[in-house]
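> Chain by chain, the residues run as shown.
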Amino acid sequence: MIKQFEITLPAHRRGYHLITNEIVSCLQPLIKNGLANLMLLHTSAALTINENADPDVRIDFESFMNKLIPDLDKDFIHTIEGPDDMSAHLKSSILGASLTIPIVNGKLRLGTWQGIYLCEFRNHATERKIFVTLMGE
Amino acid sequence: MIKQFEITLPAHRRGYHLITNEIVSCLQPLIKNGLANLMLLHTSAALTINENADPDVRIDFESFMNKLIPDLDKDFIHTIEGPDDMSAHLKSSILGASLTIPIVNGKLRLGTWQGIYLCEFRNHATERKIFVTLMGE
Amino acid sequence: MIKQFEITLPAHRRGYHLITNEIVSCLQPLIKNGLANLMLLHTSAALTINENADPDVRIDFESFMNKLIPDLDKDFIHTIEGPDDMSAHLKSSILGASLTIPIVNGKLRLGTWQGIYLCEFRNHATERKIFVTLMGE
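Protein chains in written order, with this note's numbering: chain A, 629 to 765; chain B, 629 to 765; chain C, 629 to 765.
What the hints contain is simulated information worked out from the structure, not anything from laboratory work. The reader is advised that the hints may include incorrect statements.
One copy or two, it doesn't matter: identical chains are merged, so the pair holds either way.
[Claimed, not checked] With a cut-off of at most 27 Å between alpha-carbon atoms, the simulated DSS-like pairs for lysine-lysine come out as follows: (1) Lys660 to Lys631; (2) Lys757 to Lys660; (3) Lys695 to Lys660; (4) Lys735 to Lys757; (5) Lys735 to Lys631; (6) Lys702 to Lys660.
With these hints in hand, go ahead and build the complete structure from the sequences.
Structure below.
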């Protein structure tokens, strides 16, 4: 069985946001068993899986990734879309724009401490679209 | 339905190359709906999804990733395969060697501004093989 | 056909470990053709695909990634779980916790030089669980 549809997340401020519950509610009803592919349809944001407990983890993600990949690095030539755009593209490919997550008994099968993050890299962010493919039985 | 086959990309010079059209033409005919898994069969190159418009983005990828992960870092001990080999392995794992992309109505479902990049990290690059799995209906 | 089950890897010391054979033996019997999704159920380790030959590659991964993402970066605020925890979370998202690998004729279809690495980021590591989904025919 294949189910495919698009979901839209409201604009989130720049940073790392735990969106597991938003995602799960958008996916209902899930298929029983199989895989969920979540494809973020943008190149200046990312999806990743990380710790779902201490919000400080998300703050450290924001500060560290900004140091690792600074806005307006002096060598960037793609600067026309703003100081946060080229850094956003790099972060998007380094963290990844797509996730494939198991579904078991109608639920996403994540580890106890795992949650889904929306990583928003733009200063003035907009809605973000995710294309969902559920495949299984 | 499952279709599996190998495709070969011609040698591309070191850098980031927009290969969406090459990939799409190699995949025809696509299945109707499902997922395409593209597995690059190499450890010194990568596949990623990023901006398909301004070629300067790909130039900035090359210059920034070379700063982040320099050839011949002074601590590398795996130097026997050349100054660009260990850096290539690191970049390959950081950007990823595999993509899973939705297929809808016989087309790859990417965002408006998304394209597929071949990231070639070797100075003297050769052909690159991708193993394709199409799964769906 | 869908087969789903959990496998447990014994504790591995901090570092990068070639685990292709361990994984393959845990997956038997594989389905004939399709995809294997390996979802590491943790946020302080990762799975990646890289060179399966020279063990020095894995040593360079450990030393370089430790320089890129240092333990106890001075700006980290999530320090309660130890000096290696926040760096582990970052590495896990940068390298990725999940792999989707083709299966052909009952075998994982990897390139000649590709192997599966368990990337263990914690100083005092424990067992690691991987949730496996095999989908195909």
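> Next, verify each hint and record whether it holds.
Hints and how they fare:
no. : hint             : verdict
1   : Lys660 to Lys631 : both (12 Å within a copy, 13 Å between copies)
2   : Lys757 to Lys660 : both (24 Å within a copy, 22 Å between copies)
3   : Lys695 to Lys660 : neither (42 Å within a copy, 43 Å between copies)
4   : Lys735 to Lys757 : both (22 Å within a copy, 18 Å between copies)
5   : Lys735 to Lys631 : both (15 Å within a copy, 16 Å between copies)
6   : Lys702 to Lys660 : neither (50 Å within a copy, 45 Å between copies)
When the structure is compared with the earlier hints, violations turn up for hints 3 and 6 and for no others.
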